[in-house]
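Participant: Listed below, chain by chain, are the residues.
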Amino acid sequence: MKSFTYERAKTPAEAAGSVAKASGAKFLAGGTNLLDLMKLEIETPTHLVDVQDIGLDTIEKTKDGGLRIGALVTNTALASDQRIRRDYGVLSRAIVAGASGQLRNKATTAGNLLQRTRCPYFYDTNMACNKRQPGSGCAAIQGYSRQLGVIGTSDSCIATYPGDMAIALRVLDATIATVKPDGATRTIAMADFHRLPGDTPQFDTVLERGELITHVDLPRPIGGQHVYRKVRDRASYAFALVSVAAVIQPDGKVRAAFGGMAPKPWRVEAGEAGLHEDPAAAMETIFSGARPTEDNAFKIPLAQRALASAVAQTRS
Amino acid sequence: MEFKAPAETNLFDTAKIVGKSTPRIDGPLKTTGTAPYAYERHDVVANQAYGYVLGSAIAKGRITSMDVSEALAAPGVITVVTSPDSDIPGISSMNNARLFGGSEIAHYHQAIACVVAETFEQARSAAALIRTKYDREQGRFDFPALAPGAPLAKGRGGKPDEASLGDFDGAFAASAVKLDATYTTPDESHAMMEPHATIAAWEGDQLTLWTSNQMIAWGKKSMGEALGIDPENIRLDSPYIGGGFGGKLFIRADVLVAALAAKAAKRPVKVALQRPLMANNTTHRHATIQRIRIGAQTDGKITAIAHENWSGNINGEDGENGTLQTPVLYAGANRKTANYIATLDLPEGNAMRAPGEAPGHMALEVAMDELAEKLGIDPIELRIRNEPTSVPSKPEKRFSDRNLVRCLREGSQRFGWSDRQAEPGKVRDGQWLVGMGVAAGYRAAPTMKSAARVRLDGSGKVIVETDMTDIGTGSYTIIAQTAAETMGVSLDRVVVTLGDSRFPASSGSGGQWGAASSTAGVYAACVNLRRAIGEKMGFNGDDAVFADGRIRTGNQVVDLADAGSLSADGEITFGEFKRGYDVGTYAAHFAEVAVNAYTGEARIRRMLAVCDAGRILNPLSARSQVIGAMVMAAGAALMEELAVDKRFGLFINHDLAGYEVPVHADITRQDVVFLDTLDPIISPMKAKGVGELGICGPGAAIANAIYNATGVRVRDYPITLDKYFEKLPTIA
Amino acid sequence: MNGKGELAVSRRGVIVGGTSAVALASLPASGQERAQAQPSASMPPAAMPVAFEVNGAPVELTLDTRTTLLDALREHLKLTGTKKGCDHGQCGACTVIVNGQRINSCLSLAVQHQGDTVKTIEGLGTPANLHPMQAAFIKHDGYQCGYCTPGQICSAVAVLDEIKAGVPSHAQDDITAKPRVTSDELRERMSGNICRCGAYSNIAEAILETAGAKA
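Residue numbers (our numbering), protein chains in the order written: chain A, 1 to 316; chain B, 1 to 732; chain C, 1 to 215.
It should be emphasised that the hints constitute simulated quantities derived from the structure, not laboratory data. Hints may contain errors.
As the list claims (entries may be wrong) - Taking lysine to aspartate or glutamate and the EDC-like style, the derived pairs with C-alpha atoms no more than 16 angstroms apart in a straight line are:
#: 1; chain 1: B; residue 1: K301; chain 2: B; residue 2: E387
#: 2; chain 1: C; residue 1: K78; chain 2: B; residue 2: D43
#: 3; chain 1: A; residue 1: K21; chain 2: A; residue 2: E7
#: 4; chain 1: A; residue 1: K63; chain 2: A; residue 2: D50
#: 5; chain 1: A; residue 1: K2; chain 2: A; residue 2: E14
#: 6; chain 1: C; residue 1: K178; chain 2: A; residue 2: D295
#: 7; chain 1: B; residue 1: K723; chain 2: A; residue 2: E41
#: 8; chain 1: B; residue 1: K4; chain 2: B; residue 2: E576
#: 9; chain 1: B; residue 1: K133; chain 2: B; residue 2: D85
#: 10; chain 1: A; residue 1: K2; chain 2: B; residue 2: E70
#: 11; chain 1: A; residue 1: K10; chain 2: A; residue 2: D50
#: 12; chain 1: B; residue 1: K646; chain 2: B; residue 2: D345
#: 13; chain 1: B; residue 1: K646; chain 2: A; residue 2: E208
#: 14; chain 1: B; residue 1: K536; chain 2: B; residue 2: D559
#: 15; chain 1: A; residue 1: K26; chain 2: A; residue 2: E7
#: 16; chain 1: B; residue 1: K221; chain 2: B; residue 2: D500
#: 17; chain 1: C; residue 1: K164; chain 2: A; residue 2: D81
#: 18; chain 1: B; residue 1: K449; chain 2: B; residue 2: E308
#: 19; chain 1: B; residue 1: K723; chain 2: A; residue 2: D81
#: 20; chain 1: B; residue 1: K154; chain 2: B; residue 2: E308
#: 21; chain 1: A; residue 1: K21; chain 2: A; residue 2: E208
#: 22; chain 1: B; residue 1: K133; chain 2: B; residue 2: D67
#: 23; chain 1: B; residue 1: K646; chain 2: A; residue 2: E294
#: 24; chain 1: A; residue 1: K2; chain 2: A; residue 2: E41
From just these sequences and the hints, can you work out the full model?
Facilitator: Below, the structure written as structure tokens:
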């Protein structure tokens, strides 16, 4: 771990300003992913701006009937909130399907969105990785890729976004509110938040330098039955091979976003319409253009079965 | 004490302490965080500096240059020890690859430098400043491709490792029912929770190593060899070991570089291998390919059985021999085993819990399940029909005590085996397909000579000192029980001190020999102490009764405390007579597994082991050994695999997120039954170990349960869902 | 077949033309390139004061900012009951209770804990005065090598509080329901604490007994 200086910001604006000011500065929230990566020198910030004192740790009702989640609400607090459990069950379920109790106590809403890939070649600094070291190549493409992406990938990178919470946020049409160092705010749809790698896989999201996530906004509840179906090798404390966040309406209509498949939560609204009538055809639409490797081609049929399992679960 | 004839009736047959469930005497320390492990011994020596190990970035080739100037200039750095500048032997006779020293790179993450600094943070960051250039060479990384051309391994006396009896080929060809199947098991990681760690300190030419090692006497000798110094100048101390499973049988890079770094830094240095280094830097269980052919009559009697095994290792030796149980487990007049080994440039393979038998059962016991189905015979019944009366591969050799059939029958009853549907895929529970599986287990019960010192401190306290280790096995407690029983004191009057090479050399912990051997060694020392007490106090120690803290001889009763301070060493050695016997442990393993019909996720619902291992010294901790081994077997069956990158020659999933081992949620109900057997051939204790028996069979039972649940047979471990979910029956 | 010296690096994926030699030639060189890219390499470490409470006693330390809470406990305060198993949040051996909640102390900087209340295994009980959870672990043999044990026990104590507080888990069929102390709940909630010795079922029994619940 490289040496760094440390400060605690008092307000969101101050935090954004501090990070923008110092080259090599980063925000520090829960730290559960950042510190992991710093120990391996995959992340090498020279200055950390700790945001634990800036507030943003509550969940409030919005005037259009939704909820505004502070960026620093912990995973545990978010999953435990009675309103979330009642009206946005898929979100609560996705969170508790991820990581461990210890990690969820520390991890924050914003930090979880910024979780970086678990690609083993990203994690081994002796290996070529365009995400870690742009231009170095991608050792994963011809390598051990069982866990890696099948769609949305590029010739530069086949990493996945590894989290669970974001898959649920995507199916709920959440939006992300940010503040920039100049004080300007903007709203980013979940669909647009994570980037596809293209030729620049080093950028996971559309956030600009010094731009701080302040909130995640949930639109008014959409009803339906909420399921998060996570498929993994061991029963807990493991990243998904495939996961599905689904909301199923009484008329059978299904919304579904998939995790473990792509560099971002994967949801194709155009394909969703057919999910309740002809799931096979709908899944073909949703995953059209997929480019799996020999190791991970199984994920596409598995995703379909995971969704079928989730739907069946709601019927039983 | 030489154990030269079968044990007769002795004090352990009327024991009050040995054989009773006893909470571990080290429990209060372990549960309060006060048991000291290697890296955390701040109190043993002052002025400890921090070492951090750098691993090679390539798998094969040589270092052409190493620039440590920037690292040396980094804040807090005291010194840097590099492999090219170290001309020590760097390897012991027990390692398969050099641990440190020289410029040759034999495997990925081989230790190439150790940075010593005032703090851990400084040492770690300076290690990243070392600039290393390499000449890379192409390596042999593709075991499945190399296996077909691999030669026979060297067996006993350097002879090719193959054996046969009768005419396998003829009998197999003539058999009514034939099975010919090939199974694969992957490379596996010990993944013990405590990383390899050492504090090293020199005082003149005397080296003290507070380390984490299962075999203290081996470690001392090996460190002498690796450093090129007299082992008598070396002391090892490992009172607490945070798991080993074979991964700490031999010295590793941590202890070697700590010694070198402490010398260079001129002060004590502590080193722990960082977790992401462990999979490639240390040893692993080798992958295997196993072909099994069994021919049987229609009544299930096996007429021909062949087990061929392929594995690979860095020096073309010391592979993973999956055939080990096959010469012993089932009858059959015509037999063949062969063990081949390829030479690879992957990291060093070496012993992991039940080396050979653990993956061997994962093949043989699935083959038996497949054969049972072909024959239309219940898999338990098939095993019973092939129960031998003497060692099948050496009919002149007797079993010391074998109760496998009892294990199977008792297990069948307790597990509710009669509820099993023989036809696979027939039991459903919502989205889940449910099946049951069984497997037999055999693990040899070797013994090793073992010594101890037992002292009286003058207050009636009994102090046991031996270099025996407790790697979680419960050695502290069974040794205390043995000493308490033999010296006639209550358990709280016994103090046990382990793991210090200054104490008499024990069997150490490995190969399931520790419990049987080390307690027998303590018994031998206690017998000597009783004699010494008798000599001092004027009676025959062998005839006196030691009980309740008193000694009764004739009409005389004296307090043990009256004997004052006394000490006696003793050692158990094992005589030739044992060679006429196969001394083994046996088990019947059962598993019930549910498989999600959509996704193929396999979740264990319950497991049972019925074990035959002679006297169980401490049923509480022996049960824990067995359930722990069942958990590791579950990992091997369902998830554990070091993934080989065949291009770059490394295990790429080299941390505990990438290499998945079972977690709490994977393990539900586990039951263990010990048969009340005694084995007079093993030792005066009539007790055999169970720590490796527990991993011989459960993996196959799980595999067989998955087949019974689904009707899909997966012969390549681990049985992950991607290998079969698309073959699962569709759900309406 | 030697792929010698400096290795060419392709910007795109490692393109393998059917032989592994080609792949070898596209490997990046290690170590040195990263080091060169980091001008801050030999910058003197930043040190900062931090004060928090450990097991009821206030502590004040001046630490390298890089020091984790785990290393502050183990190396600076010599509270070595908290274990380092992986240092990457993958095993749970480092679990401590901060402000009433369990966390992985390896993934937390000490300086993040200014003013916090930290409880470690040493604060739960001593050999002479065991916490009920520690006593239950001994009774049920909920450990073997003992290395993961302090983390398991800290986690277990916190898990019972989490269930009491109504924190939901993956084991619940109904996410809106109040969780109960059951084997399935405990197993799911304890899954962040790996025990390679495999004492899981004994640990579950120890926790159940401490909670006063039936399996």
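Participant: State for each hint whether it applies.
Facilitator: A quick look at each hint next to the structure:
For the hint linking B/K301 to B/E387, the alpha-carbon distance of about 10 angstroms falls within 16 angstroms, and the restraint holds. In summary, the hint linking C/K78 to B/D43 is supported, as the alpha carbons are separated by about 10 angstroms, within the 16 angstroms threshold. The straight-line distance between the Cα atoms of A/K21 and A/E7 is roughly 13 angstroms, inside the 16 angstroms bound, and the hint therefore holds. Between A/K63 and A/D50 the CA atoms are separated by roughly 31 angstroms; this puts the pair beyond 16 angstroms, and the hint is violated.
In summary, the hint linking A/K2 to A/E14 is not supported, as the alpha carbons are separated by about 24 angstroms, beyond the 16 angstroms threshold. For the suggested pair C/K178 and A/D295, the alpha carbons sit about 41 angstroms apart, so the restraint of at most 16 angstroms is broken. Pair hint B/K723 plus A/E41 does not hold up; C-alpha atoms about 36 angstroms apart against a cutoff of 16 angstroms. Of the pairs offered as hints, the one joining B/K4 and B/E576 holds, with about 7 angstroms between alpha carbons and a cut-off of 16 angstroms not exceeded.
For the suggested pair B/K133 and B/D85, the alpha carbons sit about 15 angstroms apart, so the restraint of at most 16 angstroms is met. Between the alpha carbons of A/K2 and B/E70 the distance comes to roughly 14 angstroms, so the proposed pair stays at or under 16 angstroms and holds. Straight-line distance between C-alpha atoms of A/K10 and A/D50 comes to about 9 angstroms, which keeps the hinted pair within the 16 angstroms bound. Restraint check for B/K646 and B/D345: satisfied, since their Cα atoms lie roughly 10 angstroms apart, inside the 16 angstroms limit.
Between the alpha carbons of B/K646 and A/E208 the distance comes to roughly 39 angstroms, so the proposed pair goes past 16 angstroms and is violated. Between the alpha carbons of B/K536 and B/D559 the distance comes to roughly 14 angstroms, so the proposed pair stays at or under 16 angstroms and holds. Restraint check: the Cα-Cα separation between A/K26 and A/E7 comes to about 11 angstroms, which is no more than 16 angstroms; the hinted pair holds. With a CA separation close to 14 angstroms, the supplied pair B/K221 and B/D500 stays within the 16 angstroms bound.
With a CA separation close to 15 angstroms, the supplied pair C/K164 and A/D81 stays within the 16 angstroms bound. Between B/K449 and B/E308, the direct Cα distance comes to roughly 33 angstroms. Violation of the 16 angstroms bound is thereby established for this hinted pair. Straight-line distance between C-alpha atoms of B/K723 and A/D81 comes to about 39 angstroms, which puts the hinted pair past the 16 angstroms bound. Proximity of B/K154 to B/E308 is assessed by CA-CA distance (about 14 angstroms); at most 16 angstroms being required, the pair is judged to hold.
Straight-line distance between C-alpha atoms of A/K21 and A/E208 comes to about 13 angstroms, which keeps the hinted pair within the 16 angstroms bound. For a cut-off of 16 angstroms, the pair hint linking B/K133 to B/D67 stands: about 9 angstroms separates their Cα positions. With a C-alpha separation of about 15 angstroms, the suggested pairing of B/K646 with A/E294 holds against the 16 angstroms cut-off. The straight-line distance between the Cα atoms of A/K2 and A/E41 is roughly 7 angstroms, inside the 16 angstroms bound, and the hint therefore holds.
Of the hints listed earlier, those the structure fails to meet are numbers 4, 5, 6, 7, 13, 18, 19, in rising order.
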